[in-house]
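Chemist: Each chain is listed here by its residues.
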Amino acid sequence: MTDTQDAVSTVAVTVNGAEIQANPGELLIDACERTGTYIPRFCYHPRMSPVGMCRMCLVEVDTGRGPALQPSCMLPVTDGMTVDTESELTRKAQDGVLEFLLANHPLDCPVCDKGGECPLQDQTMAFGPGESRFIEEKRHYEKPIAISDTVYLDRERCILCDRCTRFADEVAGDTLIHFMDRGNNTQVNTFPDEPFASYFSGNTVQICPVGALTAKPYRFKARPWDLEENLSTAWTDSVGSRITVQSSRNKVLRVLGVDSESVNWGWLSDKERFAFEALNSVNRITQPMARADSGSDLASTGWAAAMSTIVDVLTDVDPARIGVIGGARLTNEAQYAWAKLAKGILGTDNVDAQLGDGLPAAVVLGLPRATIADACRPGGTIILAGPDPKEDLGALFLRLRHAVVNDGATLIELTPHRTGLSGIAAHSLHPRPGELGDLAAAVVAAGSGTASDAAGVAADAIAAAAASISGPVTVVLGRASLAESSAAIVDAATALNGLADVSFLSALRRGNVHGALDAGLAPGLLPGRTTLADGGEAFAEAWGSVPESTGLDTAGMLAAAAAGDIDVLVLLGADPLSDFPEAAAAEAGLAGAATVIAIDTLPNASLVAHADLVLPAAAATEVDGTFTNLEGRVSVCEQKVTPCGTARSDWMIAAQIAQRLGKDLGIESPAAARAELAALSAVHGDLTEAALAAAGVEGVLCSGNGSIAEPAGSGSVDPANDAYSLRLVATRRMYDAGTTLSHSPSSAGLARSIELRLNPADFDKLGVEAGSVVQLISNKGELMTPVIADPGVPAGSAAIPANSPGANANQLIDASQPVTDVRVERS
Amino acid sequence: MPTHDYIPHAAGYVDNDGPKIVTSRFPYEDSYTMERSEATGGYEGLRTALSRRPADVHTEVRDATVLGRGGAGFPAGVKWGFMPPGKFPYYLVVNGDESEPGTYKDRLLMERDPHQLIEGCLITCYALGLAQCFLYVRGEMALAQERIGQALNDAYARGYVGKNILGTDFSVDITLTWGAGAYIVGEETALIESLEGNRGMPRLKPPYFPAAIGLYGQPTIVNNVETLANLPWLMQNGADQYTTYGSETAPGTRMVAVSGHVKRPGVYEIEQGVTTFRDLFYGDNFCQGIREGHELKMFVPGGGSAPWFFPEQLDLPLEARAVGAAGSMLGSGALIVMDETTDAVKAALRLVRFYARESCGKCTPCREGTTWEERVLQRILDGEGRPSDIDMLLDIADNISPGPYPVAADPSQDLEAVPFPPKQTTICPLGPSSVAPITSTIRRFRHEYDAKITKRDTIPVSAAPMNAGAVS
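Those sequence lines, one after another, are chains A and B.
Take 5 as the starting number for the first sequence in the working numbering and just add one per residue.
Take 2 as the starting number for the second sequence in the working numbering and just add one per residue.
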């Protein structure tokens with residue numbers, strides 16, 4: 005915004021006698037605030053449309069027709085406007101509105117969580133009359149009512165500013181709270197028996213200008229003046245939303261969204277906001293643990309003993325028999341340290357931060373990359389060929405939704421079934437699982453005039469979608485379904501790369517996975533978006549040596565371990581049993597490895613069942629470092645509290661292992677790791693301490709493809725159609741049985757149990773009906789699930805959530821196949 | 002034909018000797034039927050209009066200076082001119098949500114002569130090139146809804162509404178909708194919100210007229226029932242004939258609803274701008290005076306939202322400019338007459354409570370202020386008043402409507418009139434409307450407030466719960 009300011013002419017406005025320059029179309033309230041005159045307000049929020057309801061921002065304005073009170077949040081500046089924010093008339097109006105607002109406000113500030121950071125309280129002190137003349141009995145409502153599992157509403161405190169209801173309607177699109185009744189009895193409430201079950205409900209708590217909305221994790225936990233805070237980055241998904249982490253007495257108590265123009269605009273998904281609870285869990289791993297023999301339980305041990313064990317198992321092992329799985333949880337610096345340890349010191353290239361549920365590095369790093377702002381350009385086209393952003397990447401969903409609803413971007417979906425964006429998509433095309441590449445190619449071909457049926461989608465639908473593509477195109481690319489191999493997405497990306505003016509926004513889901521790829525935590529990759537072939541020589545010089553040939557990915561490592569070809573598997577914050585698409589392969593691999601070392605914050609299924617040695621790791625709020633989001637934007641994560649128990653930072657563990665092996669990793673702090681990465685990397689040159697500090701909440705965008713070449717298709721052929729089966733679609737949900745969520749008390753109950761969604765057109769053929777419980781059978785396994793009718797799932801597909809409590813889709817999936825066919829049997 | 006008096010089948014309507022532009026069919030018992038309408042010149046105005054160019058029809062309406070009869074008194078022909086060219090479709094919305102306290106003229110027009118209204122809609126649609134009209138009728142007016150529904154069915158059947166009206170290529174659909182019973186929906190932007198299926202809350206201004214952004218974001222004309230009911234007569238008789246009635250600035254007739262302490266309350270069609278309040282209250286042709294043995298204390302000249310008048314204002318004509326300068330408005334044409342037996346504080350409470358209950362709750366001053374006023378007035382009446390309450394009431398009023406509030410002159414105290422309209426801190430004029438009874442009565446009858454506060458029979462000693470309930 006600031007860089008365009010000089011390009012267009014400004015208008016002159018006189019505020020309290022002094023002339024200011026404002027941008028044409030700018031709202032008066034913003035122009036005043038930007039130039040240092042704060043006008044009090046409650047309902048106005050810069051990220052939502054103004055409504056002029058609270059009347060607090062009334063100021064005396066003269067536009068040539070004489071001075072009059074006008075709501076400054078509704079008034080665009082005009083040349084020659086004269087404003088008096090301190091006149092007697094203005095003060096009287098402000099006093100009056102504040103007295104009205106307080107008339108029925110309970111003034112229970114001493115027991116209100118908002119007390120101390122309450123706009124109503126603050127503005128009463130700054131602008132109000134000081135005393136109320138209201139002596140009648142105040143309005144009474146039942147004190148806080150739970151409007152969702154997480155959010156409580158106290159209608160007595162509510163000043164009816166329309167912020168929460170507007171957020172639900174305009175920003176999230178979950179219109180589940182609304183005004184009810186009228187006049188003095190107006191209240192915010194949910195519809196009967198319809199809770200405010202929004203993935204974004206926490207934002208309403210943050211923007212509430214009074215203590216009317218409170219969230220379970222923070223209720224009665226602290227007073228604002230006892231909190232200390234750090235600017236940091238959300239770690240539960242790859243959007244990299246900017247947050248402030250607030251703690252009291254060395255315990256994280258709250259996470260709030262920070263308005264970053266380029267990333268999250270201040271909004272967070274509830275997962276980003278409330279997942280900190282897991283880091284306070286009593287189940288955190290606080291000290292190293294070891295298993296005496298394969299039959300016994302894990303027992304506590306000391307760091308020295310644990311390190312000795314590690315040295316024993318790593319000494320004199322063929323590097324090709326070591327594997328490292330995971331690393332997306334780590335900071336960039338820890339990832340770099342681990343890449344250096346594995347590839348430079350241990351000498352293995354069997355390193356993969358993704359668990360077979362992502363995309364090949366060449367696709368993520370090798371295509372022209374887009375930022376979120378690029379994707380949201382007015383007049384542009386967004387092609388969603390990936391997971392449902394509402395489920396996987398909440399803050400990105402809000403940005404994309406805004407672009408489509410408010411800025412005229414065109415959205416085309418190429419997804420296995422309906423998503424949270426389908427309601428606003430111009431075209432929703434649902435290819436048969438495994439055939440996304442064909443559909444993408446058909447869309448591109450239709451753009452040049454030849455439309456044909458593809459992947460079960462009719463030619464005219466493809467032609468219509470192709471015709472609607474205009475302006476710059478951004479492809480949001482990711483793995484929509486775990487039951488579909490990445491080959492189809494690679495083919496789709498290759499095809500869509502043929503569109504004019506196209507760029508790609510990665511929709512890989514897991515935390516700092518993009519940082520892991522940039523740090524080289526993938527087979528064949530080195531830090532700074534380069535390959536062993538291209539960068540091997542330079543890194544061999546810097547590190548001493550690099551592996552000679554490309555190693556195995558997670559699927560390869562698990563298979564090799566099962567075959568007895570890998571001795572040591574390091575799980576770096578990874579849970580293959582839950583997250584690898586094929587549970588049987590994960591189980592065989594973990595069981596087959598002689599030694600499994602898990603470095604983690606919380607116990608997970610793989611760790612409990614298979615780890616021989618466990619090291620406690622410091623969690624996101626306990627370490628210093630940086631985070632790379634899906635755009636390649638690097639932002640700071642700052643340590644807020646001390647690590648839990650004897651847990652250590654991941655970079656420190658890598659350095660220590662190197663030292664115990666008699667080598668020097670050469671890294672003594674996160675800053676040192678960052679400096680080394682910046683020095684060696686072709687794309688991190690701008691990542692200096694000064695640049696990070698200067699970038700503030702926006703972070704430093706590390707762009708460029710390094711030496712990674714564009715993908716050239718997967719070379720795989722389409723799966724054959726089996727008329728007697730359904731094709732399985734397994735999609736992630738925001739709330740699942742994942743480790744973090746199961747250890748967050750207020751979110752743990754939100755994961756829904758498994759359900760099979762089928763197109764009603766398939767019901768007769770299968771002999772099922774909505775509500776019946778069926779058996780879902782693949783060549784890998786079977787599970788029981790109730791059936792739900794969902795016309796948003798194309799006929800012939802069977803959609804289930806991945807990793808739901810009690811039943812994980814990966815029991816069915818055959819990861820070696822492009823798609824998994826399933827049979828539905830009535831039970 | 003019945004005599005010039007009440008007509009039993011048109012309850013509340015008084016047939017008088019004046020010109021009849023919109024009530025000509027009222028004396029017939031079956032005035033609402035298609036048969037009676039056609040037998041008495043119904044849809045002839047439409048035929049006349051269809052024989053002319055739409056722009057000429059518009060010009061005729063503009064030349065006749067047909068003032069809006071809903072309250073603001075804005076000329077319909079000028080309002081029509083605000084439609085931005087080329088931004089089709091346009092919509093016509095008929096505001097039949099008559100609910101201003103004291104007003105019941107549109108109800109009679111809808112119940113007694115729905116075809117006249119439909120004809121008026123068609124003429125407007127033809128003049129402006131509209132193809133869709135929405136008739137929004139107040140939720141409580143069941144008979145009006147029924148009669149308009151029947152009339153619409155008949156008009157469709159006879160080819161007056163629908164495709165290719167009367168064999169021309171002019172086509173209009175008219176949709177009947179009714180509200181859920183909210184006063185504020187009489188405000189045109191709130192009515193549009195309600196039509197769209199949203200809560201009936203006023204939209205923010207600007208844009209000041211729905212002609213810019215109206216129903217479903219399209220240019221929209223919102224006209225009052227009576228305004229449109231004038232058009233059939235105007236089409237048949239022309240602007241020249243129309244302007245022979247009434248005054249130069251306010252031609253034609255208008256319907257006024259008189260209620261309260263007069264001998265013959267009711268709805269009258271009177272000539273605009275020339276009839277005075279005295280004529281209306283005391284004339285033999287009209288209300289025939291204050292009830293026997295009593296005298297006029299005060300009256301509301303233009304619906305519950307209007308500041309009150311007193312005997313000194315009796316000789317003003319019912320003409321917008323004169324009434325505005327004298328500190329009030331003609332508004333919806335409802336007059337409420339009160340004699341000396343009326344308790345000024347109780348009367349004020351009656352109206353204030355109405356506005357408090359009808360506030361939509363959108364903006365703070367109205368939502369909180371109107372209820373506060375109501376509860377203070379109630380407390381005074383309950384004998385719990387405090388001396389500071391009177392000034393506080395005026396100050397609450399000032400926080401809803403800043404600056405001097407329109408009020409009539411009071412020669413006895415040597416106080417000048419404050420001309421209409423009031424200023425507002427609110428989004429719409431509902432909040433300021435609640436101020437009118439308070440400022441009007443405190444200025445003139447402060448002693449009545451004082452008496453209730455200081456000279457009450459018993460001084461309350463117990464801490465009895467404060468009464469937030471309704472007036473007994």
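Worth double-checking, as some hints may not be accurate.
Claimed, not checked - In silico SDA-like links for lysine to any residue, alpha-carbon gap of 25 Å or less:
1. B:K88 to A:V408
2. A:K142 to A:Y156
3. B:K206 to A:A699
4. B:K206 to A:D88
5. B:K298 to B:R200
6. A:K96 to B:Y29
7. B:K206 to A:L302
8. A:K225 to A:K255
9. B:K206 to A:L93
10. A:K220 to A:S285
It should be emphasised that the hints constitute simulated quantities derived from the structure, not laboratory data.
Chemist: Need the list of violated hint numbers for this structure, in ascending order.
Modeler: 3, 5, 6 and 7
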